[in-house]
Amino acid sequence: MSYCKQEGKDRIIFVTKEDHEAPSNAELIEDDPNDPYEDHGLILPNGDINWNCPCLGGMASGPCGQQFKDAFSCFHYSKEEVKGSDCVENFRSMQECMQKYPELYPQEDDNDSAPSGGADNAPSDSVPTSSPESTPATTENPAAS
Amino acid sequence: MFKCKTVWNKLAPLARASSTLCLQNARKSALRHGRRLEMVQKAQMSSGPAGGGGENTLYYVLIGATCLGAGVYAYRTVSEDKDRYNERMTEIVSRPKQGPQAAEAVAEVVAESKEEPVAEEPTLTEADVESTESEPIAEAPVTKPIVEEPVTEPTVQASIPEPTVESPIREPVVEASVIEPVAEAPAVTQNEEPLAPVVESETEPTAVIIAEHVPEASSVSESAAVPKAAPAAEPVEPTAAPSDVPEHAPYLLIGGGTASFAAARSIRARDPGARVLIVTEESDLPYMRPPLSKELWFSDDPKAIETLHFKQWNGKERSIYFQPPSFYVSPADLAKVENGGVAVLTGRKVVHMDVRGNKVKLSDGAEISYEKCLIATGGVPRNLQVIERAGEEVMKRTTLFRKIEDFRSLEKISGEVKSIIIIGGGFLGSELACALGRRSTDVGLEVIQMFPEKGNMGKVLPEYLSNWTTEKVRKEGVSVITDAVVKNVTYKNDKLEIKLKDGRLFKTDHIVAAVGLEPSVDLAKSAGLEVDSDFGGYRVNAELQACSNIWVAGDAACFYDIKLGRRRVEHHDHAVVSGRLAGENMTGASKPYWHQSMFWSDLGPDVGYEAIGIVDSSLPTVGVFAKATAKDTPKAATEQSGTGIRSESETEAVAGALKAKTTATPPPIQQKEDYGKGVIFYLRDQVVVGIVLWNVFNRMPIARKIIKDGEQHADLNEVAKLFNIHED
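So the sequences go chain by chain: A and W. The first sequence stops at residue 145 when you use the working numbering, and every number in between is there. The second sequence stops at residue 728 when you use the working numbering, and every number in between is there.
Bear in mind the hints are in silico, worked out from the structure with no lab data behind them. Treat each hint with caution, since some may be false.
Here are the simulated SDA-like cross-link-like pairs (lysine to any residue), alpha carbons at most 25 angstroms apart as the crow flies [what the hints assert, rightly or not]: (1) Lys-336/W to Leu-28/A; (2) Lys-336/W to Arg-11/A; (3) Lys-9/A to Ser-466/W; (4) Lys-5/A to Arg-567/W; (5) Lys-396/W to Ala-335/W; (6) Lys-336/W to Glu-103/A; (7) Lys-9/A to Lys-412/W; (8) Lys-361/W to Lys-507/W; (9) Lys-472/W to Ser-299/W; (10) Lys-9/A to Lys-525/W; (11) Lys-9/A to Glu-463/W; (12) Lys-9/A to Gly-565/W; (13) Lys-591/W to Asp-48/A; (14) Lys-100/A to Arg-408/W; (15) Lys-454/W to Val-485/W; (16) Lys-83/A to Leu-28/A; (17) Lys-9/A to Lys-487/W; (18) Lys-412/W to Phe-506/W; (19) Lys-563/W to Lys-83/A; (20) Lys-17/A to Tyr-464/W; (21) Lys-5/A to Thr-587/W; (22) Lys-708/W to Tyr-37/A; (23) Lys-507/W to Thr-587/W; (24) Lys-525/W to Pro-250/W; (25) Lys-492/W to Lys-591/W; (26) Lys-5/A to Lys-708/W; (27) Lys-5/A to Ser-617/W; (28) Lys-472/W to Asp-32/A; (29) Lys-708/W to Leu-28/A; (30) Lys-100/A to Ala-335/W; (31) Lys-459/W to Leu-28/A; (32) Lys-336/W to Phe-14/A; (33) Lys-492/W to Gly-426/W; (34) Lys-487/W to Lys-507/W; (35) Lys-563/W to Gln-686/W.
Not close to chain W: a few residues of chain A, all C-beta gaps over 10 angstroms, as computed [what the hints assert, rightly or not]: (36) Ser-2; (37) Ala-26; (38) Glu-80; (39) Glu-81; (40) Val-82.
Quick reminder that beta carbons are idealized off the backbone N, C-alpha and C, glycines included.
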């Protein structure tokens, strides 16, 4: 049983679960996928990688940022059957760089495995300890396990 | 010094003689005049003193001759000395070159130069002598005003002697003062020899010659201060010599807070190899503020105060610093490091901005030129006038809370005093009150919060919610005094006495003033930037740009929001969003402020909300509420998302913890209140401009969408359905 009360300029409505069961008839405007102003996720509409995605944390901007970008770009555009198999060199130099900064890129056991399954898992290998970013709706792993 | 004495000795008898003569003459003429005046006053008026006739003329001739003679004598003495000096120098040069001897010779020369009749210089030159043999750093305070430029610029040396040249007599002194910066400069090689010829050349009184030999001077400068290490160019050391300040930074970020760091990251992501320099007044590397008034107070770890690590509800630990020191490059290396990087120059304030010349000046005089500049200076906490006027004793016992040191100091004080009063009922005041209230039972601390509004968050939440919130804060152990306007504050009997306008009196040991933030716009004048009169802060356009190469982000930016109009926002997420946007625009993106930032607050474990847009309690609101269950608490929200920084909950997947420590399971929450969870819409001209999600979490994207649409909705209950408030 929903009811409503008014306190001055403020209106208060109490609703039960049943009241909200019927789907909403509020109209929302269609999102334009090509809106130039909108923030994008990891992959831009034209297929490029969005290095500024909060999901990457500080990976593309840190001391090993260049190596990371090279390795990840190679992986992204790789047309091999096993995606990224032609990028071993890039990943190795990225590894070497990261080993120089153990504080930033904590070395984990699963470090050696190349990012599998695409962008989302990339940051899970070794990531800076903290990175506050806000939020297009993509995943971010600020702390390594 | 000896020279001075001998000269004086020679001159003294002369001086004495002439002075006695003068005196005698004066007395005589005075007596005569006196008599004359008595006798013939009126007639002599116009030609009074000169009307004495013959005796006076003689008197003046005598004085004149004496002075002339003294002058001639002095000049002769001095030029003789100078010739002798020059001879000496040539002699030194012609000697076989041996390192230590040359240095000694220099020392001797410098010592001789002290004999000039300028008594104050000796202390300075003595210091110089020592500097060639001992730490340049110790000398730094003495010679600071003279050394203005980083020594890497040879041409700079020429300008240094100028301020110290005050009279023609001072050539040796000039040379000595040039030795100072020479001595101070970072040492590279062990070669002391070349010092001698340089010194010799510099004794020429003409500035031209000094300029010619300056390049030598600079190379010598590299070697002179050898034995003592160059001032360590560490990014975190605020007292390092100017040599660690780079002269040019392609991207210069003024201010080292959240907005600045977000911009640095954005720039580095978009411009490969970018070299970014952050200049901050603080001595800390960039850090985030929310935990200073929230998580850090609830930490079980006694070392948390030192390490500034905080453990979140689910055991995940993180530091308030955005990145550890190893992330950053040192400012001195910034220009050389291969792939660029971010350098932080701590402990420096930018005091002047030259927009036409594209450069800034620091408090220590160093200048940095830039190509793109971001101003992210944030602000300073406001204070109450009554406290400022109350005197030293009251000010000593007042905390204006903003930085890490304020947190550490307040944390320490909270363990020492018996009573704390917080003035201010907004976000910071309420959060601190709750944090201190939590401690109050443990340590026997009385916590009082007072503010002019009717309830906590009175300017943000509609009245019914504000009242409800106030009750919650009281339950946290805080004594909340509403409708309280402070009239005056005095220090009496080792207690602070706060008197309110309505007559109530409160006694306490310490005050925390959380009454707002004053945006720092010190550079507006020198940079010629506009300051907004309504909201304060630098006025910028929708792309956060103030003028061609200057952007402003964070608390200090009054920007144009295409959807919501001109505003200035003082929240963490806004700093991140605007910093990112500014960084993007500095690398050519030309995007306006579009992604709405959000904010959040937790008042204890039971009350938490997220909000977005313009959330002003003076706007008409429509609130849609459901009954809450035990699952609807901030604690549950953080456990689900794994983060206490709720702006990140949208992008966070639980990846693990640094060191997972076991946490006690929270006790079950009983929610009997009416306003358990819901959505509140803030309307302006029938359009939703702000939304508060009350104990409803992880729904921010929907809220953001509604504000972005900017539509007039006939029935907001229908809109509320989109949030599924009854679900988790």
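To see whether the hints hold, each was checked on the structure:
1. About 52 angstroms separates the Cα atoms of Lys-336/W and Leu-28/A, which puts this hinted pair outside 25 angstroms; it is violated.
2. Under the criterion of a C-alpha separation no larger than 25 angstroms, the hint pairing Lys-336/W with Arg-11/A is inconsistent with the structure, at around 62 angstroms.
3. Our distance criterion of 25 angstroms between C-alpha atoms is met by Lys-9/A and Ser-466/W, whose separation comes to about 15 angstroms.
4. This hinted pair does not check out: Lys-5/A and Arg-567/W have alpha carbons roughly 32 angstroms apart, beyond 25 angstroms.
5. Pair hint Lys-396/W plus Ala-335/W does not hold up; C-alpha atoms about 43 angstroms apart against a cutoff of 25 angstroms.
6. Between the alpha carbons of Lys-336/W and Glu-103/A the distance comes to roughly 23 angstroms, so the proposed pair stays at or under 25 angstroms and holds.
7. Between the alpha carbons of Lys-9/A and Lys-412/W the distance comes to roughly 44 angstroms, so the proposed pair goes past 25 angstroms and is violated.
8. A C-alpha spacing of about 46 angstroms is found between Lys-361/W and Lys-507/W, which places the hinted pair above 25 angstroms, so the restraint is violated.
9. The straight-line distance between the Cα atoms of Lys-472/W and Ser-299/W is roughly 21 angstroms, inside the 25 angstroms bound, and the hint therefore holds.
10. Only pairs whose Cα atoms come within 25 angstroms are accepted, and Lys-9/A paired with Lys-525/W is rejected, the gap being roughly 43 angstroms.
11. The hinted pair formed by Lys-9/A and Glu-463/W meets the criterion: a straight-line CA distance of about 10 angstroms does not exceed 25 angstroms.
12. Of the pairs offered as hints, the one joining Lys-9/A and Gly-565/W holds, with about 23 angstroms between alpha carbons and a cut-off of 25 angstroms not exceeded.
13. Taken as a hint, the Lys-591/W and Asp-48/A pair is honoured in the structure, with Cα atoms around 18 angstroms apart against an allowance of 25 angstroms.
14. In summary, the hint linking Lys-100/A to Arg-408/W is not supported, as the alpha carbons are separated by about 33 angstroms, beyond the 25 angstroms threshold.
15. For the suggested pair Lys-454/W and Val-485/W, the alpha carbons sit about 11 angstroms apart, so the restraint of at most 25 angstroms is met.
16. For the hint pairing Lys-83/A with Leu-28/A, the CA-to-CA distance comes to about 39 angstroms; that exceeds 25 angstroms, so the pair is violated.
17. Between Lys-9/A and Lys-487/W the alpha-carbon distance is near 31 angstroms, which puts this suggested pair outside the 25 angstroms criterion.
18. Distance hint between Lys-412/W and Phe-506/W is fulfilled; the C-alpha atoms sit about 22 angstroms from each other, no more than 25 angstroms.
19. Taking the CA atoms of Lys-563/W and Lys-83/A, the gap is near 43 angstroms; set against the 25 angstroms cutoff, the hint is violated.
20. Using a Cα cut-off of 25 angstroms, the hinted pair Lys-17/A and Tyr-464/W holds, with the two alpha carbons roughly 23 angstroms apart.
21. Distance hint between Lys-5/A and Thr-587/W is unfulfilled; the C-alpha atoms sit about 52 angstroms from each other, more than 25 angstroms.
22. Under the criterion of a C-alpha separation no larger than 25 angstroms, the hint pairing Lys-708/W with Tyr-37/A is consistent with the structure, at around 12 angstroms.
23. Among the hinted pairs, Lys-507/W with Thr-587/W is inconsistent with the structure: their alpha-carbon atoms are about 55 angstroms apart, more than 25 angstroms.
24. For the proposed pair Lys-525/W and Pro-250/W, the alpha carbon gap of about 23 angstroms is at most 25 angstroms, so the pair holds.
25. Between Lys-492/W and Lys-591/W the CA atoms are separated by roughly 57 angstroms; this puts the pair beyond 25 angstroms, and the hint is violated.
26. For the suggested pair Lys-5/A and Lys-708/W, the alpha carbons sit about 28 angstroms apart, so the restraint of at most 25 angstroms is broken.
27. This hinted pair checks out: Lys-5/A and Ser-617/W have alpha carbons roughly 17 angstroms apart, not beyond 25 angstroms.
28. Of the pairs offered as hints, the one joining Lys-472/W and Asp-32/A is violated, with about 43 angstroms between alpha carbons and a cut-off of 25 angstroms exceeded.
29. Between Lys-708/W and Leu-28/A the alpha-carbon distance is near 10 angstroms, which keeps this suggested pair within the 25 angstroms criterion.
30. With a C-alpha separation of about 21 angstroms, the suggested pairing of Lys-100/A with Ala-335/W holds against the 25 angstroms cut-off.
31. For the proposed pair Lys-459/W and Leu-28/A, the alpha carbon gap of about 30 angstroms is over 25 angstroms, so the pair is violated.
32. For a cut-off of 25 angstroms, the pair hint linking Lys-336/W to Phe-14/A is broken: about 64 angstroms separates their Cα positions.
33. A distance of roughly 29 angstroms separates the Cα atoms of Lys-492/W and Gly-426/W; the hinted pair therefore is violated under the 25 angstroms criterion.
34. For the given pair, Lys-487/W sits about 14 angstroms from Lys-507/W by alpha-carbon distance, which is consistent with the 25 angstroms threshold.
35. For the suggested pair Lys-563/W and Gln-686/W, the alpha carbons sit about 14 angstroms apart, so the restraint of at most 25 angstroms is met.
36. The claim that Ser-2/A is not at the interface with chain W is violated, since a C-beta of that chain comes within 10 angstroms of its own (minimum 8 angstroms).
37. Consistency note on Ala-26/A: stated as away from chain W, yet its beta-carbon is not over 10 angstroms from all of that chain's, at 4 angstroms minimum.
38. With a least CB separation of 25 angstroms from chain W, Glu-80/A remains clear of the 10 angstroms interface cut-off, as annotated.
39. Interface exclusion of Glu-81/A from chain W stands, the closest Cβ pair being 29 angstroms apart, more than 10 angstroms.
40. Separation of Val-82/A from chain W is adequate, the least Cβ-Cβ distance of about 25 angstroms exceeding the 10 angstroms criterion.
In terms of the numbered hints stated before, the structure departs from hints 1, 2, 4, 5, 7, 8, 10, 14, 16, 17, 19, 21, 23, 25, 26, 28, 31, 32, 33, 36, 37, listed from lowest to highest.
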